[in-house]
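Peer 1: Residues 1 to 407, numbered by the UniProt record's numbering, are exactly what the sequence shown covers, in order.
Read the hints as simulated data drawn from the structure, not as lab findings.
Only a predicted model underlies this, so the values are computations on that prediction, with no experimental measurement involved.
Treat each hint with caution, since some may be false.
[Stated by the list, open to error] Straight line, CA to CA, 25 Å or less: simulated BS3-like cross-link-like pairs of lysine-lysine:
| # | residue 1 | residue 2 |
| --- | --- | --- |
| 1 | Lys-326 | Lys-406 |
| 2 | Lys-314 | Lys-275 |
| 3 | Lys-122 | Lys-58 |
| 4 | Lys-326 | Lys-272 |
| 5 | Lys-326 | Lys-122 |
| 6 | Lys-70 | Lys-275 |
| 7 | Lys-359 | Lys-406 |
| 8 | Lys-359 | Lys-122 |
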Amino acid sequence: MTASQIAYQRGACLPSSNPFQRLAELLDGETPGLDPIIMTIGEPQHAIPDFTGEVLSKNLAGFRRYPPIKGSPEFRQAIATWLDKRYSLDGMVDAENGVLPLNGSREGLSFGAIAARDQLDKGLDHPAVILPNPFYQTYAAAAHVADGEAVLLDAVPGNNFLPDLDSLDTELLDRTVAFYVASPTNPEGFVADIAYWQRLIGMARKHRFFIFADECYSEIYRETPPPGILEAAKAMGTDFANIIVLNSLSKRSNLAGLRCGFAAGDPVFLEKWSKFRGLAAPQVPLPAQAVAVRAYQDEAHVAENRRLYNEKFKAAERHLGPILGKVTPEAGFFLWLDVSRWGDGVAVTRSLWTDIGVKVVPGSYLASDQSDGSNPGRHYIRVGLTAPLEQTEIALERFANWLGDKS
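From just these sequences and the hints, can you work out the full model?
Peer 2: This is the structure in structure tokens:
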């Protein structure tokens, strides 16, 4: 098969277990060669904002109340104001109907496809849900719970690791109810430009599907803030129809345990979704919303968080750049490394653990095999840079020495 022929596969086989279960099975019984350094997870380890405890303390009484499913007015306004400033939206976000709180963006990503299916009512037994490959496993869960057909688009270097829109035919697009795409991409750390977003928006409106734009890594960038899909819609001179952007405090503010995120965009979709969520979804506690209000009003802790990550990417360039070439992505906190000179990602992962005690994730575990047996992550490993700088430096030095010894 040519690359264009395998650009997407319908009903592709999805992983039966999550990547970390598979990794545990791979390394079960294996002894690390040196003191272990874990570089697998995307759980931030930098400090949480110093105002977190103070805000929670002042809002403890809010734990007595059942929170409104639409969130507090202060929360919705804080999100609308932040989006407006971040993306220069000139007040386009509808703070009343165009913002919803979520129990982390994962909750919205998981159940958004159900709402898309029901609201579009295309009369299909198994509507298509398009997602990138590799992908955040929640996207596949969304297709499953919506009784949809997962259609995986291989994310490859030649297309900035974004789904190739040229590969999609009209018949598929007409059956599609939800299109999941992350920018910055996860795990690769590349960014969709305004033109890409605008083309996707045009397709969504022409073929009647919803875009779920996962922008959770939007504030973890090197120098230039990534453009967002709402920004692209404004530049088109249109509203936010067919667009739902999702983000959270997990990466931006190191508050993964707070479980507080948001969906914003198409107010018609979100207003209808809020009615369904009022019956089925978990609310976000009011004290957590109060922390979010404060966090979205403060950029100093975000800039410091970004600085810490960028220091670790500089270390990665020093240690790995001479061997692998440029390794720093545009955004995110992962290295997505082509290790095909040393074996496939699974073999390299096992060797890194048994030889030098560095634990990473095989790229193929973050992707799905296509029907022809190919896997776009097969030659890659994902290396998380969430650990403190000193520990990261040790791991990177070990890794560089290992690569040099094996060359």
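Peer 1: Assess, step by step, whether the Cα of Lys-359 is no farther than 25 Å from the Cα of Lys-122, and give holds or violated.
Peer 2: 45 Å, violated
Peer 1: Is the hinted pair Lys-122 and Lys-58 satisfied, with a Cα-Cα distance of at most 25 Å?
Peer 2: 48 Å, violated
Peer 1: So if I understand the rule, the pair passes when the alpha-carbon distance is 25 Å or less; does Lys-359 with Lys-406 pass?
Peer 2: Distance of about 18 Å is within 25 Å: holds.
Peer 1: Next pair to validate is Lys-326 with Lys-122; report whether the Cα-Cα distance is within 25 Å.
Peer 2: 46 Å, violated
Peer 1: Is the Cα-Cα distance between Lys-70 and Lys-275 25 Å or less?
Peer 2: Holds. Lys-70 to Lys-275 sits at ~9 Å (cutoff 25 Å).
Peer 1: Taking 25 Å as the top limit, are the C-alpha atoms of Lys-326 and Lys-272 close enough?
Peer 2: Roughly 46 Å separates the two Cα atoms, so the pair is violated.
Peer 1: Taking only the CA atoms, is the gap from Lys-314 to Lys-275 under or equal to 25 Å?
Peer 2: With a Cα-Cα distance of about 47 Å, the restraint between Lys-314 and Lys-275 is violated, given a limit of 25 Å.
Peer 1: Would the hint linking Lys-326 and Lys-406 be met if the CA-CA limit is 25 Å?
Peer 2: It holds: about 19 Å lies between the C-alpha atoms, which stays within 25 Å.
Of the hints listed earlier, those the structure fails to meet are numbers 2, 3, 4, 5, 8, in rising order.
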